[in-house]
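Protein chains in written order, with my numbering: chain A, 210 to 515; chain B, 64 to 340.
One thing to keep in mind: the hints can contain errors.
[Stated by the list, open to error] Only pairs whose alpha carbons sit at most 25 Å apart, straight line, appear in this in silico SDA-like list of lysine to any residue:
{"#": "1", "chain 1": "A", "residue 1": "K422", "chain 2": "B", "residue 2": "V74"}
{"#": "2", "chain 1": "B", "residue 1": "K165", "chain 2": "A", "residue 2": "K422"}
{"#": "3", "chain 1": "A", "residue 1": "K422", "chain 2": "B", "residue 2": "V78"}
Keep in mind that the hints were calculated from the coordinates and are not lab data. None of these values were measured; they are calculated from a predicted model.
So the chains spell out like this:
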Amino acid sequence: MTTTVAAPATAAPVAKAKVRRGWTQHGLLFVAPFLIVYALFLIWPTLLGLQMSFSSVNIAGGNDRFVGFDNYAEAFSDPRMWRSLWNTLVFTVLSTIPLVFLGLVFALLVHNLRFMQWLWRLSFFGPFLLPSAVVSLLWLQMIYPPDFGLLNGTLGTDVLWLGDPSVAMWSVVLTTVWWTVGFNFLLYLAALQSIPQHLYEAAAIDGATAWDKLRSITLPLLRRTTALIVVLQLVASLKVFDQIYLMTGGGPEDATRPIIEYAYDVGFTGYRVGYASAVSYILFVIIVIVSLAQLRLFRKREEVAS
Amino acid sequence: MTKRFSFSQLVLLVVTLALAVLWLAPLAWAVATSLKPESETTKLPLEWIGSEITFDAYALVLGTGGIVKWAINSTVTALVVTFMTVLFSAMAAYGFARTQFKGQRVLLGLVLAGIMVPPQVLIAPLFAEMVSFGLVDTWWAIILPQVAAPLIVYILFKFFQDVPAELEQAAFVDGAGRWRVFFQIVLPLSRPVLGAVSIFTFISTWNNFLWPFLVSTDPNTMTLPVGLANVVQGTFGLRYAQIMASVVLAGLPLLVVFVLFQRQIIRGVAHTGLAGQ
Numbered sequence: 210m211t212t213t214v215a216a217p218a219t220a221a222p223v224a225k226a227k228v229r230r231g232w233t234q235h236g237l238l239f240v241a242p243f244l245i246v247y248a249l250f251l252i253w254p255t256l257l258g259l260q261m262s263f264s265s266v267n268i269a270g271g272n273d274r275f276v277g278f279d280n281y282a283e284a285f286s287d288p289r290m291w292r293s294l295w296n297t298l299v300f301t302v303l304s305t306i307p308l309v310f311l312g313l314v315f316a317l318l319v320h321n322l323r324f325m326q327w328l329w330r331l332s333f334f335g336p337f338l339l340p341s342a343v344v345s346l347l348w349l350q351m352i353y354p355p356d357f358g359l360l361n362g363t364l365g366t367d368v369l370w371l372g373d374p375s376v377a378m379w380s381v382v383l384t385t386v387w388w389t390v391g392f393n394f395l396l397y398l399a400a401l402q403s404i405p406q407h408l409y410e411a412a413a414i415d416g417a418t419a420w421d422k423l424r425s426i427t428l429p430l431l432r433r434t435t436a437l438i439v440v441l442q443l444v445a446s447l448k449v450f451d452q453i454y455l456m457t458g459g460g461p462e463d464a465t466r467p468i469i470e471y472a473y474d475v476g477f478t479g480y481r482v483g484y485a486s487a488v489s490y491i492l493f494v495i496i497v498i499v500s501l502a503q504l505r506l507f508r509k510r511e512e513v514a515s
Numbered sequence: 064m065t066k067r068f069s070f071s072q073l074v075l076l077v078v079t080l081a082l083a084v085l086w087l088a089p090l091a092w093a094v095a096t097s098l099k100p101e102s103e104t105t106k107l108p109l110e111w112i113g114s115e116i117t118f119d120a121y122a123l124v125l126g127t128g129g130i131v132k133w134a135i136n137s138t139v140t141a142l143v144v145t146f147m148t149v150l151f152s153a154m155a156a157y158g159f160a161r162t163q164f165k166g167q168r169v170l171l172g173l174v175l176a177g178i179m180v181p182p183q184v185l186i187a188p189l190f191a192e193m194v195s196f197g198l199v200d201t202w203w204a205i206i207l208p209q210v211a212a213p214l215i216v217y218i219l220f221k222f223f224q225d226v227p228a229e230l231e232q233a234a235f236v237d238g239a240g241r242w243r244v245f246f247q248i249v250l251p252l253s254r255p256v257l258g259a260v261s262i263f264t265f266i267s268t269w270n271n272f273l274w275p276f277l278v279s280t281d282p283n284t285m286t287l288p289v290g291l292a293n294v295v296q297g298t299f300g301l302r303y304a305q306i307m308a309s310v311v312l313a314g315l316p317l318l319v320v321f322v323l324f325q326r327q328i329i330r331g332v333a334h335t336g337l338a339g340q
């Protein structure tokens, strides 16, 4: 948190290195091991996926013909693709709002409580450390069952949490919020700890109430952290797969199927890898647009710091 | 003054406590269910404690062996991924920040651009690649794609840029080579940030699901999340106490580690999550 950034990323190394010419050899050897893995398992699949999205290749590598934009044309007229894309966007909006808001609320509470910090941190961050399969098993088997589940049993309701198409997405969001809010909570907690204490002391001398301090010191200073958390959360939510696949399998009636699951279904169950790649790349484009906003945020910070 | 202070602390405490209880309830319910006799797990009205507390479910789950094997697989793959990621990323970051070579700017740009590539959209081509390499159902198929983590390079790159060059220069004057300077001066200096990215990498690898799920069909190479997903798909039938015992056993290791190393883990996650800010 306290690391300050010296200069914009791209310009610095070359300029600095010039000063120390003579002991700059071996540079490529340092970079090589990472670059080999990176080229093989990130760059190459990215290009291969793009090529596949223009082909009719199946999972066994057969029927590999160039089909131009056919896969994309099919995707844009495929109601199941639109449904899964819509589900993904709905999930992203429904989950991002509580995940950011509750993350902030939990962090403010815990930051201002002076005792048993470890217990509060464990309570709110603990679920984030659980694998998705653990979370899904727990909610699917013991919390959401309509007859003996913890929710209906405690509330006295008889909601079909995962079985009713108009409720299932909300249930998926609820589980997700419980599971991952701890991450945003920690990011906010770290940001709160980096606010200089003397600002509050000065405000106290001026007779500011706790509410005044929150409104005019804490929240404004958290603005940039919030922007970063929102972008990170948007990207994370757009990539949703695990808990939906494991709890509902995309149902009932496709009400929860996200686009990654649709790509998985088409490619790994339907064996149409070319079409699956095209569906994946539609999401890829959306995520790149959101990530570009993220990079701009990083760059702004660096400019401010230098 | 003191009175108002303690009153506001009390309100905070009550609110936080209520939320914490709410947040812990699902986990507590898993523990409670796992300790009941099987016949009482679906009893209505709900009871948190059954007629007796029994560890039968744990004995049965541990006896069948799957979960222990998966936990070992998860630990080994997560440790290998973490070690390779941190070593390779640190070397690369150092190369980019502190040395000079042809094509440096282009390669750095290529690495930074990779931060935007979500691994989830690459499953089809990556799987095809693994098939052609003959690596499906091996640990290398699980491990290698997770080592290609450009975000970690970026974080370490920014860190190395700020390490004062004088420290290195002194060593060079004393005749130390580039590699010795890196391993004996730069890496030890970077211990906090290396710890932070290690913790982050370990947690995300330990919990990763989609990719290991796609490339492991053999129960002997499965990681814990993948093995448990097969449990979701019905291997265990409807034995709720056993399922919840699996949930508790699978969730416990990282929770215990968290309680023991809370400060380091929080710093590691926050530092990496905020991309080194």
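Could you grab the alpha-carbon distance between K422/A and V78/B and see if it respects the 25 Å cut-off? holds (20 Å)
K165/B paired with K422/A [C-alpha distance capped at 25 Å]: violated (52 Å)
For the pair supplied as a hint, K422/A and V74/B, confirm whether the alpha-carbon distance does not exceed 25 Å. holds (17 Å)
Going down the numbered hints, you'll see the structure goes against just number 2.
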